[in-house]
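In the order they appear, the protein sequences are chains A and B.
FYI, in the numbering used here the residues of the first sequence are 1 to 418.
FYI, in the numbering used here the residues of the second sequence are 1 to 418.
This list has only true hints and no planted wrong ones.
Pairs count within a copy or across copies, as identical chains cannot be separated in the list.
Below are the DSS-like pairs computed for lysine-lysine, each with C-alpha atoms no more than 30 Å apart in a straight line:
no., residue 1, residue 2
1, 408, 69
2, 373, 143
3, 94, 21
4, 408, 263
5, 139, 373
6, 100, 21
7, 94, 373
8, 21, 69
9, 100, 69
10, 373, 100
11, 263, 139
Simulated from the structure, these hints should not be mistaken for laboratory data.
Protein chains: 2
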Amino acid sequence: MQSPSPVNLNAFDATFNGKFKFEYHYPDATLPRARLGILHTPHGSLDTPAFIFCGTKATVKGLTPQEMKAVGAQIILSNTYHLMLQPGSALIHKMGGLHKFMGWDGPMLTDSGGFQIFSLGHGSVSAEIKRTQQSVRPKTVLKIDETGATFRSYIDGAIHHLTPERAITVQQELGPDLILVLDECTPFNIEKSATEAAMLRSHRWGQRSLMQYANTRDHYAPQALYGILQGGVYPDLRQVSADFVNAQPFFGHAIGGSLGATKEQMYEVVDQVAERLATSRPIHLLGIGSLRDIFSSVILGIDTFDCVHPTRLARHGGALVPYAIREATGTPRREHINLWNSRFIEDPQPLDASCSCEACSHFSRSYLHHLLKAGEMLVQKLITLHNVATMNRVMSDIRSSLRDGSFKQTREFWLGNE
Amino acid sequence: MQSPSPVNLNAFDATFNGKFKFEYHYPDATLPRARLGILHTPHGSLDTPAFIFCGTKATVKGLTPQEMKAVGAQIILSNTYHLMLQPGSALIHKMGGLHKFMGWDGPMLTDSGGFQIFSLGHGSVSAEIKRTQQSVRPKTVLKIDETGATFRSYIDGAIHHLTPERAITVQQELGPDLILVLDECTPFNIEKSATEAAMLRSHRWGQRSLMQYANTRDHYAPQALYGILQGGVYPDLRQVSADFVNAQPFFGHAIGGSLGATKEQMYEVVDQVAERLATSRPIHLLGIGSLRDIFSSVILGIDTFDCVHPTRLARHGGALVPYAIREATGTPRREHINLWNSRFIEDPQPLDASCSCEACSHFSRSYLHHLLKAGEMLVQKLITLHNVATMNRVMSDIRSSLRDGSFKQTREFWLGNE
Numbered sequence: 001m002q003s004p005s006p007v008n009l010n011a012f013d014a015t016f017n018g019k020f021k022f023e024y025h026y027p028d029a030t031l032p033r034a035r036l037g038i039l040h041t042p043h044g045s046l047d048t049p050a051f052i053f054c055g056t057k058a059t060v061k062g063l064t065p066q067e068m069k070a071v072g073a074q075i076i077l078s079n080t081y082h083l084m085l086q087p088g089s090a091l092i093h094k095m096g097g098l099h100k101f102m103g104w105d106g107p108m109l110t111d112s113g114g115f116q117i118f119s120l121g122h123g124s125v126s127a128e129i130k131r132t133q134q135s136v137r138p139k140t141v142l143k144i145d146e147t148g149a150t151f152r153s154y155i156d157g158a159i160h161h162l163t164p165e166r167a168i169t170v171q172q173e174l175g176p177d178l179i180l181v182l183d184e185c186t187p188f189n190i191e192k193s194a195t196e197a198a199m200l201r202s203h204r205w206g207q208r209s210l211m212q213y214a215n216t217r218d219h220y221a222p223q224a225l226y227g228i229l230q231g232g233v234y235p236d237l238r239q240v241s242a243d244f245v246n247a248q249p250f251f252g253h254a255i256g257g258s259l260g261a262t263k264e265q266m267y268e269v270v271d272q273v274a275e276r277l278a279t280s281r282p283i284h285l286l287g288i289g290s291l292r293d294i295f296s297s298v299i300l301g302i303d304t305f306d307c308v309h310p311t312r313l314a315r316h317g318g319a320l321v322p323y324a325i326r327e328a329t330g331t332p333r334r335e336h337i338n339l340w341n342s343r344f345i346e347d348p349q350p351l352d353a354s355c356s357c358e359a360c361s362h363f364s365r366s367y368l369h370h371l372l373k374a375g376e377m378l379v380q381k382l383i384t385l386h387n388v389a390t391m392n393r394v395m396s397d398i399r400s401s402l403r404d405g406s407f408k409q410t411r412e413f414w415l416g417n418e
Numbered sequence: 001m002q003s004p005s006p007v008n009l010n011a012f013d014a015t016f017n018g019k020f021k022f023e024y025h026y027p028d029a030t031l032p033r034a035r036l037g038i039l040h041t042p043h044g045s046l047d048t049p050a051f052i053f054c055g056t057k058a059t060v061k062g063l064t065p066q067e068m069k070a071v072g073a074q075i076i077l078s079n080t081y082h083l084m085l086q087p088g089s090a091l092i093h094k095m096g097g098l099h100k101f102m103g104w105d106g107p108m109l110t111d112s113g114g115f116q117i118f119s120l121g122h123g124s125v126s127a128e129i130k131r132t133q134q135s136v137r138p139k140t141v142l143k144i145d146e147t148g149a150t151f152r153s154y155i156d157g158a159i160h161h162l163t164p165e166r167a168i169t170v171q172q173e174l175g176p177d178l179i180l181v182l183d184e185c186t187p188f189n190i191e192k193s194a195t196e197a198a199m200l201r202s203h204r205w206g207q208r209s210l211m212q213y214a215n216t217r218d219h220y221a222p223q224a225l226y227g228i229l230q231g232g233v234y235p236d237l238r239q240v241s242a243d244f245v246n247a248q249p250f251f252g253h254a255i256g257g258s259l260g261a262t263k264e265q266m267y268e269v270v271d272q273v274a275e276r277l278a279t280s281r282p283i284h285l286l287g288i289g290s291l292r293d294i295f296s297s298v299i300l301g302i303d304t305f306d307c308v309h310p311t312r313l314a315r316h317g318g319a320l321v322p323y324a325i326r327e328a329t330g331t332p333r334r335e336h337i338n339l340w341n342s343r344f345i346e347d348p349q350p351l352d353a354s355c356s357c358e359a360c361s362h363f364s365r366s367y368l369h370h371l372l373k374a375g376e377m378l379v380q381k382l383i384t385l386h387n388v389a390t391m392n393r394v395m396s397d398i399r400s401s402l403r404d405g406s407f408k409q410t411r412e413f414w415l416g417n418e
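Work out the full structure: start from the sequences and follow the hints.
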C-alpha cells in the first residue's frame, strides 16, 4: 500500500469527478481578498466563511447532531488521533463510518492526527503553538523519523506508529468528507533550520499522503484531501510551503504550524500565506477561533476555521456575546461574559436577548449562574448550544456584511471600536 | 409565625377552593385497589399512576424542561434541602419561583427537606432506609429537638435551623404546586419505641406545618399540602399514622420513612398503610422507583412515585428496557442493560427498538458504549432521556392496562414471568 503507484498526479482530479466543488466570489471591492463561497460535499454544502466545530471523540461535547443543526452548524470535525485510539477506525468503519456512527449527516472533516501527536507528545508544543500556558501532560511521542511518528496511547499505553499512508487509511475508515495530510508540527520558538527541516518533511509526507489517497480513494466513500502548509513564522519558508501545496493536486489547503507569539505576527503570517495560495481552492486556518482572529482573517481570504474555543469556553461558563453586552457587564475586552461572576446571581436577563437559541429563549443568567455553582451538567450543554449558535450567527453576519458592504459595522457589533 | 392562628382546621379546604382536585376510579374489578386518576394543579393535570422525576437542584440532570416534556414527563420535583442551601429560597422567590427559574411550566412538587437532613446528617439513615450500602458522608445534623433540626450546610458549613414552619415558608418561596410537611426520618432497624417517638413528633410537626400553611397560603401562589406517614415497619404504628393523616385536612398523603429490609416487608407495609388511608386523597410513595416496586404498589392503591433511580442509573450507563431485551442480552434479572458491557462494542442496534426517544431513534448501542468509555457527557443526557421516556412509557402502559384489563401482560412485558 505504501509504494508509489501508477496514478499520474499531474492529471489527478482533486474534485473527485466533481463530487467536491468550491465556488466563490469577491463581493466587496473595498475588501478585495474577502470572499463568499459554497463548498460542496457529498453530505451537503456549506456557505463560507464558515466555522467548523470540534467533535473530537465523535461528539460535540454535550450536543446531539440534531441540536447542532438546530442552531445552524454547517460542518463539524473529529480528531483522527483520538478516534484511532478509541474506539479505533476499524470499528467505526464497521459501524458504517463516522456520519452514521455519530448521527451527523452533514459535511464533516477529520484532521490527520499530527497536531495531537506532536502537541500531546512533546507536552509543550500545543501550549507554544497556541500561546497558552505550559502543558503538564506526560510526553508520549517515542520517535519521529522519515517513516512517521511512533507514540504511546494516552489511554492504554499501547504503541502506535502513524505514517502518512496510515493517516490516510485511518481517515478513509472514519469516512468524513474532508481529510488532511499528516504533517510535523513544530513550536514557534525553535530554530529556523529545524522549522525548515520539519516543513520539508511535511512536504514529503504530503506527497506520500496524496499518493496513498490517489491510489485507494476509489475503494471508499468519496473524500477530498487538503494539503497543509508549514514554515512557522518565517516568510520565506511559508512561501516555499505555499508554492509546494499549490503545485500538488490537493482539493484544499490548510494553514498549520506555529503562527507566532502575538496576534500581529499571526496576521502577518496569514496575510503572506493567503496571498500566495491558489485562490481556486478553499483555504482553512487550523485551530483558530477567536472572533477577532476570524474577522481579521476573513479579509485576508480565509474560508474556514476550526477551534475548540467556543465549545470549551462554554464548559467553563463563558458565553460569547456581542460587544455591547460585554461592555454593559464590565468585560468589554474579553469576547465573552463569565457566568460564574457573582454579578449574575440575581440577573433575570437571558445571556443575550438578541440570540434566539434555546438557552437564551428559556433561561436567565441567574439560573445559569446557579447551575454552574451547583455543578449541574445542564449548564454546559446550554452555554455550548449558545456559543455554537453565536459562532454561526457571527459567520452568517460576516457573510451578509460582505454581501451588503457592512463588514465594518458588523465587526463593531461583535468587537467594538478597537 | 409559629404560634397557632385562628384558622379553623375542621372547616379547612385542602383543595384551595378547587384549585387542586383529585379524580379517580377503579377500572379493573380484578385489581380492586388499583386506580386511575387525574390530579389537577394550577400548572396542569397529571394522569395517575404517575412517576415524578427528580430535579434536585432545580434541574433534571442533563435535560431541559422541553426535553422532559418531549418524552412525556408530567411532573417533576426539586429538593427543598438542596435549594434552601443553594441558591436559597429567597433568591428563587425573587426570580419568580421555581417554575419560572428553571423553565418548567408543568406540575411540580418539593419535599420538605427532612429526608435529606436526616439521611445526609446521620450518614447511615439513607443507606438503611434505601437498603443500600453504608454512606460515607460526614454527619451534618447538629441537633434534633421538638423545635426542628439544626444542621450544617454541606456547601459552606453555615448552620441552619429547619422547623416545620420554616419548611413551609421555604416551599412557599420556592413555589411548586405540591408541598410536603417536615418529618423525622428513622432507619428501619432502630427500636420500636424510638420509631414511635419519631412518628409522634412527625405528627406534631405535621400539625404545625398545616397551621403554618393554613395561615399563610393566601400570600403565595396556590399550593396543596401533603401529610407524611411514619411508623417504620410496625403495623400498629403505621395504623396510628394513617389515622392521624386521615384526620387532618391534608390534600394528599405521602408514605415515608423506612419500609423495611426486604421487598416483601416493603409490600406488606404499603399494603397495610394504603388500605387504611382515605381513598379520596392522592397517595404518594416516597423514594420508590424500581419497575417491580411500581407494579407491585399500583395494585395496592399508590397513585404517584418518585425516585432518583431512572436518572441516576442513566448517568452510570444503565438503560431501562423491556424484559425481552434484558433476556436477549444476558441480564434478565436486572431491570436495565449496562451499556458499559463489552458485549455492546459492535452492537449496531438502538438501546430499545420499541422506544421512540431521541436516543433510540438516532444512536446505536455501539456508539453509546463508545461515549461512556470516552467519558463524553452526551451519553448521560441520551440515556437519561431514554430512561425518562421509558418510565413514562411504563406508567402509560400501566394506565392503559388497567383500562383494558391487561395489567398482567403489561407486567410481563416489563418484568417477565417472575
